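A.B. asks: Now for the letters of each chain:
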Amino acid sequence: MAKFRPLGVVPLGDCAAYVEFSRTLDLEMNSMVQRLAVALRLRGMPWLRDVVPALGGVALHFDPAFEGNVLELAAELVAQCLKKGLPAAKEFESEIEVPVCYEAEFAPDLDEVSKKTGLAAFEVVKRHTAEEYRVLMIGFAPGHAYLGGLDTRLAVPRRAAPRAQVPAGAVAIANEQTVVYPYAISGGWNVIGRTPLAVFDAGRLRPSLFAPGDRVRFRAITGKEFQRMAAEQ
Amino acid sequence: MSIHVARPGLLSTVQDLGRHGEQHLGVCPGGAMDPVALALANALVGNPVHAAALEITILGPELRFEQVTLVALCGAEFHGGLPRNRPVLLAPGTRLSIGRAARGARAYLAVAGGIDVAPVLGSRSTFLPGRFGGLEGRALRRGDVLPLTEDAAALSQERFGALKNTDGRSVRWSGPPQTVPDREPVLLHAIEGQHFAGFDAASQRAFFDAVWRIAPESNRMGFRLAGPALARGDGDEILSGPTALGTVQVPAGGAPIALMADHQTTGGYPRIAEIAYADVPRLAQLAPGGTLHFAKCGLDMALELRKDAKARVDAMLQSIAWEFGH
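Residue numbers (my numbering), protein chains in the order written: chain Y, -6 to 226; chain W, 17 to 342.
Please note: incorrect hints may appear among the correct ones.
[Said to hold, decoys possible] Quick partial rundown of chain Y residues pointing at chain W, CB under 7 Å, derived from the structure:
no.	residue
1	F(-3)
2	V3
3	E124
4	I131
[Claimed, not checked] A short list of chain Y residues far from chain W (calculated; beta carbon distances all over 12 Å):
no.	residue
5	T17
6	S24
7	M25
8	L41
9	R42
10	G61
11	K76
12	A134
13	A154
14	D194
What the hints contain is simulated information worked out from the structure, not anything from laboratory work.
Everything numeric in this text was worked out from a predicted model, so none of it was measured.
Backbone N, C-alpha and C fix where the C-beta goes; we use that ideal spot for every residue, glycine too.
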């Protein structure tokens, strides 16, 4: 792969800086960015409030009480971490299995996806559960993970008209990614199932089911299993 | 100890200075839209600046205070209610009715000891889209009971007793208004965003020349700005990237959105500008229909503006602390 070196550092306002490594989605770069974010957080700089790994770079958010130049400090912190060496992905990533019910009542767009891909519904489900995905980024809403690694045969565009409300736990696909909606929210992805797991619960010790870098698999469950697991949540 | 909500107002929520350290999990900092007004209100009742208070939006609530309570109302000017920017000791049984905003959009009602809801992820701020924080993760409703600390009445008496220059149930002085704009359009300093150069020349000019109006579909997540449509010169796909408070992004329709306290932590729209941190509280004081324009500045100037704003707030906090005998 190309050398892991910032393309540039740009201000995100005067309290944050974005250190960019790639302008296109590059999975190896994305993984390096996540390792860098972990290294930055471990470094524990007092003025550094948030470290946000995005698809192609990392944002450093500083306390507004910090009076120095955010671009210089961000560049320096990143250079220090790169020089010291980054933690291996396996040191922080978790493996997560997500039970999903793909039955019709939870899968309003499965027929549409089936039509667009020319694959039977059971084949869509088989392919969706066959892959291992990686959390590329969390954004849009608390715990909302963008998972990369979708079977290219399932790559369909987003719906022309977004739904006003997609229920919590909805599992959806678009382009080459899949997502799990953390709570009822508007959304334009194609919903093909639903998990009974709480994707985000602010009151939980680990509020977000997913963290950047996690490896994720989906397992098909029946409607009955869904009801039982939902009741246990 | 508690406050009873007889009328909730348009959008009254519990807010403090926000939750930090969770943005990598998609949790935005949130908190008071006008943190300067929140800090002032807290200082005036002897609280630390980050204590939880009530953020009141455009139409105020009616509240009943069970016990003697030291309060302060800062930020926007509302009809009715209380004298602004000063501590007031409310008698037991007081009904406080706050009317419509006369100038500015958001006021903060701080109470001695703070509003005692449970912190969620390190903050008492209400995050409406995620339904957590504050009072059950939602805005106030009629019949709600806002919990105060057990010692709120004693604290109120004690702190009011410590104040110099009291006059009846209040004081002979008031804190200076900080963030409520006295004329429109409000001038906001902004630095060029990462994708500024990708907009066509006419749009680059229009962004800094136009007077923008806050559109009705604006909320704590973002203010939609109505004005000339902005278009990009290059059609390059933009990889979803991080955002921050004050980021101005431009969706395909061409109408910019200024990201406010409850903004999404990442976004796929081009970022045309970043509003200086020091100017965001004044933007927060605009209601839909309010107008603003942008003045281009560099990062150095934005840093200077922030330093000056902090010095002003620190001086104000110090003079209030002196009134409490500290």
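A.B. asks: If a hint holds in the structure, say so; if it does not, say that too.
C.D. replies: Against the structure, the hints:
no.: 1; hint: F(-3); verdict: 17 Å, violated
no.: 2; hint: V3; verdict: 5 Å, holds
no.: 3; hint: E124; verdict: 21 Å, violated
no.: 4; hint: I131; verdict: 4 Å, holds
no.: 5; hint: T17; verdict: 6 Å, violated
no.: 6; hint: S24; verdict: 15 Å, holds
no.: 7; hint: M25; verdict: 15 Å, holds
no.: 8; hint: L41; verdict: 9 Å, violated
no.: 9; hint: R42; verdict: 4 Å, violated
no.: 10; hint: G61; verdict: 8 Å, violated
no.: 11; hint: K76; verdict: 22 Å, holds
no.: 12; hint: A134; verdict: 6 Å, violated
no.: 13; hint: A154; verdict: 15 Å, holds
no.: 14; hint: D194; verdict: 9 Å, violated
In summary, the structure is inconsistent with hints 1, 3, 5, 8, 9, 10, 12, 14 from the numbered list given earlier, while agreeing with the others.
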